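Participant: Sequence:
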Amino acid sequence: MTGKNAIVFSHDAVKALATNMTKIANDVRGLVSGPRDSIGEITIPANEPGSFIMRGKVNPAQCKAVAMVAVQVMGNDTAIGIDVSQGDFELNVFMPVIAYNYLQPVRLLLDAICFFTKHCASGIKANKQKMHYNLHRSLIVVTILSRHIGYEHAAKVVQYAFAHNTSLWKACVSLGYLSEEKFDSVFKPEEMV
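Be aware that the sequence shown starts at 1, since it is given in this note's numbering, and climbs by one per residue.
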């Protein structure tokens, strides 16, 4: 009668789902950030009129809702742990609050996942132009060139590209490490996947 371990363990799974949903929602928020000066590699549906701070911006409101629900689920998980600890001898009179703290986050999380799927995830579109831009402006992909020009030259290419706010292509060609044609033939970031 007093031991409610099954409830604690099963609610841990609910909490784990909430943390995973938060991770997904935060990744979407990061990837949709922008519209110009950030990652911006995906777009989401414009369900709301926009941001009160920046007019015309599509707010990731569904992502924020998922995160808020996840915090509530984590709070309920703590409450369940405390409620379950209140069993004395052969009785735990906290069963009503245990049930409430279990069912409330399950319902909230179900609603949040359904709304996130319907109003956000199902409308996500790749911004291929921005992805291409980000990939080719990234300095980390210099590792592709290391096997062709060596580690030290690759490091100089990164330093040059950073100092001159230019691409690896421009830096490598300007430093004379590879011709335009050779760079284009060896620089295949998609092969890193």
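I should point out that these hints are in silico values taken from the structure, not numbers from a laboratory.
Only a predicted model underlies this, so the values are computations on that prediction, with no experimental measurement involved.
Accuracy of the hints is not assured; some may be wrong.
EDC-like, lysine to aspartate or glutamate: derived pairs with alpha carbons at most 20 Å apart [to be verified]: (1) K57 <-> E41; (2) K57 <-> D111; (3) K57 <-> D77; (4) K156 <-> D111; (5) K130 <-> E152; (6) K125 <-> D37; (7) K128 <-> E48; (8) K118 <-> D27; (9) K125 <-> E180; (10) K64 <-> D88; (11) K128 <-> D12; (12) K64 <-> D111; (13) K125 <-> E181; (14) K128 <-> E41; (15) K23 <-> E152; (16) K64 <-> E90; (17) K170 <-> E180; (18) K156 <-> E180; (19) K170 <-> E181; (20) K57 <-> D12; (21) K130 <-> D12; (22) K128 <-> E180; (23) K128 <-> D111.
Label pairs and their computed distance ranges (CB to CB) [said to hold, decoys possible]: (24) N20 <-> F162: 58 to 68 Å; (25) H132 <-> Y100: 27 to 37 Å; (26) M54 <-> R107: 43 to 53 Å; (27) Q104 <-> A155: 20 to 30 Å; (28) H148 <-> M68: 45 to 55 Å; (29) Y100 <-> A155: 18 to 28 Å; (30) A16 <-> H119: 37 to 47 Å; (31) H164 <-> K118: 21 to 31 Å; (32) E48 <-> L91: 28 to 38 Å; (33) G87 <-> R137: 28 to 38 Å.
All C-beta atoms in this analysis are idealised placements derived from N, C-alpha and C, irrespective of residue type, glycine included.
Participant: State for each hint whether it applies.
Facilitator: Tested hints:
With a CA separation close to 15 Å, the supplied pair K57 and E41 stays within the 20 Å bound. For the hint linking K57 to D111, the alpha-carbon distance of about 25 Å lies beyond 20 Å, and the restraint is violated. Only pairs whose Cα atoms come within 20 Å are accepted, and K57 paired with D77 is rejected, the gap being roughly 35 Å. A C-alpha spacing of about 52 Å is found between K156 and D111, which places the hinted pair above 20 Å, so the restraint is violated.
This hinted pair does not check out: K130 and E152 have alpha carbons roughly 30 Å apart, beyond 20 Å. Under the criterion of a C-alpha separation no larger than 20 Å, the hint pairing K125 with D37 is consistent with the structure, at around 18 Å. Using a Cα cut-off of 20 Å, the hinted pair K128 and E48 is violated, with the two alpha carbons roughly 24 Å apart. For the given pair, K118 sits about 17 Å from D27 by alpha-carbon distance, which is consistent with the 20 Å threshold.
Between K125 and E180 the alpha-carbon distance is near 32 Å, which puts this suggested pair outside the 20 Å criterion. Taken as a hint, the K64 and D88 pair is broken in the structure, with Cα atoms around 40 Å apart against an allowance of 20 Å. Between the alpha carbons of K128 and D12 the distance comes to roughly 38 Å, so the proposed pair goes past 20 Å and is violated. A hinted pair counts as satisfied when its Cα atoms are at most 20 Å apart, and K64 with D111 qualifies at roughly 14 Å.
The suggested pairing of K125 with E181 is violated, with an alpha-carbon distance near 33 Å, which exceeds 20 Å. With a CA separation close to 7 Å, the supplied pair K128 and E41 stays within the 20 Å bound. Restraint check for K23 and E152: the C-alpha separation of about 37 Å exceeds 20 Å, so the hint is violated. Proximity of K64 to E90 is assessed by CA-CA distance (about 42 Å); at most 20 Å being required, the pair is judged violated.
The suggested pairing of K170 with E180 holds, with an alpha-carbon distance near 9 Å, which does not exceed 20 Å. The straight-line distance between the Cα atoms of K156 and E180 is roughly 17 Å, inside the 20 Å bound, and the hint therefore holds. Simply put, K170 and E181 have alpha-carbon atoms about 12 Å apart, close enough for the 20 Å limit, and the pair holds. About 36 Å separates the Cα atoms of K57 and D12, which puts this hinted pair outside 20 Å; it is violated.
About 39 Å separates the Cα atoms of K130 and D12, which puts this hinted pair outside 20 Å; it is violated. For the hint pairing K128 with E180, the CA-to-CA distance comes to about 24 Å; that exceeds 20 Å, so the pair is violated. For the hint linking K128 to D111, the alpha-carbon distance of about 31 Å lies beyond 20 Å, and the restraint is violated. As the Cβ distance of N20 to F162 is approximately 36 Å, the hint placing it in 58 to 68 Å is violated.
Checked against the hint of 27 to 37 Å, the pair H132 and Y100 fails, with Cβ atoms roughly 51 Å apart. Taking the beta carbon of each, M54 and R107 are about 33 Å apart, not inside 43 to 53 Å as hinted. Roughly 55 Å separates the CB atoms of Q104 and A155, a value that falls outside the hinted 20 to 30 Å. Separation of H148 from M68 is about 49 Å and conforms to the stated range, judged on CB atoms against 45 to 55 Å.
For the pair Y100 and A155, the beta carbons lie near 59 Å from each other, so the given range of 18 to 28 Å is not met. A16 and H119 have their C-beta atoms about 24 Å apart, which leaves the hinted 37 to 47 Å range violated. Between H164 and K118 the beta carbons are some 46 Å apart, a value that contradicts the proposed interval 21 to 31 Å. Between E48 and L91 the Cβ separation comes to about 49 Å, which falls outside the hinted range of 28 to 38 Å.
Remark: the range hint 28 to 38 Å for G87 to R137 is contradicted by a beta-carbon distance near 59 Å.
When each numbered hint is compared with the structure, violations occur for hints 2, 3, 4, 5, 7, 9, 10, 11, 13, 15, 16, 20, 21, 22, 23, 24, 25, 26, 27, 29, 30, 31, 32 and 33.
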